[in-house]
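Novice: Okay, here's what each chain looks like letter by letter:
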Amino acid sequence: MSAPLHQALQRLDTIILGKSAELRLAMACLLARGHLLIEDVPGVGKTTLALALARVLGLQFQRVQFTSDLLPADVLGVSVFETGTGAFRFHPGPIFAQLVLADEVNRASPKTQSALLEAMEERQVTVEGQTRPLPQPFFVIATQNPATQIGTFPLPESQLDRFLMRISLGYPPAEAEKALLMERDRRDLLLDTAAVLDPEQVLHLQQQVAQVRTAPALIDYILALVHRTRELPGLRQGLSPRAGLALRRAAQAWALLEGRQGVIPEDVQAVFTAVVDHRLQTTAESEKGGIGAADVLAQVAIP
Amino acid sequence: MNEYLPLLTLWRLLGVLALTMSPHLLRLPVWVSLLITALLSWRALSAYHQWPMPRMPLKVVLTLLAGGGIVAQYGSVSGQQAGTALLCLMAALKLLELKARRDVMVMVFLMYFLLLTHFLVSQEIWTVAFLLICAVAITAILIECQHRGALSPRLTLRKSGIMVAQALPLMIVMFVLFPRIPGPLWGLPADAGAARSGLSDTMSPGDISSLIESDEIAFRVRFDTAPPANSAMYWRGPVLDHFDGRTWENAFPITAAGYEPEIERLGQRVVYEITLEPHRMRWLFGLDLPRRDHLPGDAIMSREAQLMATKSVIERRRYSLVSDTDYRLQPTATERMVRRNLALPAKFNPQTLELGRRWRQSLGNDARIVDAALRMFREQPFVYTLRPPPLGRNSADEFLFTTRRGFCEHYASAFTLLMRAADVPARVVTGYQGGQLNEIGGYYVVRQSDAHAWSEVWLSGRGWVRVDPTAAVAPERIERGIEGSISAGEGLPGYLSNRTRLRFYFEARWDWINARWNAMVLAYGPELQQQFLSRFGLDDLRSMILALTVIVTLAMAAVGLVLLRQSLPAPIRDPALREWRRFTRKLGKLGLVQRTDEGPRDFINRVNELHPDLSERANRILMLYLNNRYLDNRDATVADLRQAVSALRL
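Going down the list, the protein sequences come from chains C and U.
When the letters of the first sequence are read in order and numbered with my numbering, they come out as residues 1 to 303.
When the letters of the second sequence are read in order and numbered with my numbering, they come out as residues 1001 to 1650.
In case anyone wonders, no lab produced these hints; they're calculated from the structure.
Fair warning: there could be bad hints in the mix.
[Stated by the list, open to error] Facing chain U, according to a computed beta carbon distance under 8 angstroms, are these residues of chain C, among others:
no.	residue
1	Val-78
2	Ser-79
3	Val-80
4	Gly-84
5	Arg-187
6	Leu-218
7	Gly-259
8	Glu-266
9	Ile-302
[To be verified] The following residues of chain C were derived to be distant from chain U, with all beta-carbon distances above 10 angstroms:
no.	residue
10	Thr-14
11	Leu-17
12	Phe-81
13	Gln-124
14	Thr-126
15	Pro-156
16	Pro-173
17	Leu-191
18	Ala-217
19	Gly-262
20	Ala-298
21	Gln-299
Keep in mind it's a predicted model, so treat the numbers as computed, not measured.
The C-beta atom is built at its ideal place from N, Cα and C for all residues, glycine as well.
With the hints as constraints, model all of the structure from the sequences given.
Specialist: Written as structure tokens, this is what we have:
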């Protein structure tokens, strides 16, 4: 692993305590040029995670708090008539940042949600007939609160797979929580934290991800996993080819984080749940029992 | 498990059941067929309208009534016809409690069993073809039931067809190898087969002309030597030497040893093989006159030179004979034989008796008396006809002096009577005359329409001499068969008229196919089986069963292997993986087993925890393996890996 990357991860560990695995997943997601969905109750450090990532990687940061009256223009930007110049000038929205935190994305109307999702997918914004590219690198962290369902518009299943990964942070381990309470406020700590990487380096790392080798044997493993989801009786829909591609890219990023030049089955397993779980739709009967990514992993032999 | 039965499956089941039983429905007593049809229709409608099923008491009553009806009809519930009727009826009654999938299974197996019963009635090619279709249909029901109707009908039928086709090789092996044990086990029940027409052991006017109407086959003949001319083809059947004034019969056929007739051979021998259709009588037919020393094992020749089998012929049988067309039968007479063949009922046919007496006085010589009678038939206006006028009490008188129209039995009867009146020992012989050559198969077909009656007179020094008075009246009957001999205006029996060449050809072809079927499949009994299998050294029962078991077991094992192969893991092509497996096998001795979903690194981590002593070597092997299989690192070769694995000794 490149030293700066290693250092960045270590730095992150000092800010977000006891969440080493989730941090690495988030980092892998970023390096794989994907977007991240964090599903969790408030107060477990979603925003802090986003802030820390931006800080450590030296990325511009914007935060959008999604509310039910938020309009697409509020996210993308709008052209405003300026009396001074006598012309319309485009005021870019908060999406024009390298790391965007879309907080409580499920509270916005579907219209606004899809404006965000389109921008995420295309990495450009078209307003009033003019297409404007988004900055590079571009990384969206959206959060969803699964507990509050009243008055929200949870992202439809078909849109969930715009996110490369979905993770949840969960409560910190007892040891970490104790440290959290005893030490300085995390936000203050962040202000003192210097960037370890810069956007150029991040872009370079993203290019390296694509070059991590995936041997035929490993592709066979990914295929076996994908096919298994299509055969399982408890699942309404198996994984799409896009999901297979996502899995491969995420595993490559993970291998890079591990400092390997090729992907091994353990890399696939490490990212599998985060990449796949939100793309699997269980049938009504098996809703209770719940067939998850872990079940699929356990059922597929490594070729 | 009371699983809901879909309406469509039920209707299909009923349709297949109707198909399976249909040939029986046409044969069973009308009330049985009607009852079965009613039960089928009721079940179909009740499913549609959701009528309630009958309760237990009603079912019991119905079952008892049906059983009682069968007993009343047949006098028992066993036997071919009663058993079939009972089975069909009970299968239909079973529909009254057809509710769940489980019941469908019962019905399916009942139907397979029902199929078998068709063989009791007929073993023709058509029957086999029909049964194969039924088997496919029944199997389709079974598949539909198993798949809970998830397959399309076309796919179901295809699957079923494939399954039946797959069973065919097994069927052939079983057919060839399953030991045929001579005895009642393999024989058909005594009442098997539909009633057939044929010659009987009595002859009254009109008997034979009614047989002419039937084109049923009596037997087929294949000649090994040159066949005799059609006019010399007299197939000898029952010999009738007792006349009661109207009917000829053979009162006391004697077959005991020591009563065999004395025969002198004069000319060429004829060797041939007859395939006789079952006629339910004991006699066998042979070309006039069979040699006594070449009879089939269970046959003997009666005093009248008639071939008799020990049992009635209820199954098609094949036998070979050698005959002499030139012969002298019983040249020396016994007093008893002469007396028997001169006996006459005194109070019948006075005119005929008178004519005979006159001839005896005026002509004196036996041979001249025979000539005089034949001349009378030839010169006086006698007519050979299929539809003679009915005759009264003195049938011979009326025929000879009034109507003069008759069929072969009239001529043979009147002639024999006349001879006896003139003191010439004479008797009636019935059988078949002629035969039709099947040019495709090179054999002759003798049909019921070739039935014939002629006479034999005993002449001193020459023995029994065949005299056919019909030949004097209608020589074309003897030379060209029945077709050529009936005048056009009279109208031939339906099957003989309007025969085109093409139709004739197809009939010959079809008969040939049937004959092959008979010879190759139906005739495959104990003797043929032993004859056939002894070529392969399997001539005793034990080796037959052994061969059958071995072949069936091997076939099953082959199928099992094919199925097993599909579930076996594919052979390992990647050499690195092969070495890795070798390594994990070695670790297996320590109780360390890699889970199928466990990656190699995770596994080695586990190994390191449990066996720190191994960790250095294990990590090296892991590194080599990952480099070879996943990381494409040129520095590590499979050879290194192989070496490292081989070096590991546990």
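Novice: Looking back at the hints listed earlier, which ones does the structure fail to meet?
Specialist: 1, 2, 3, 4, 5, 7, 18, 19, 20, 21
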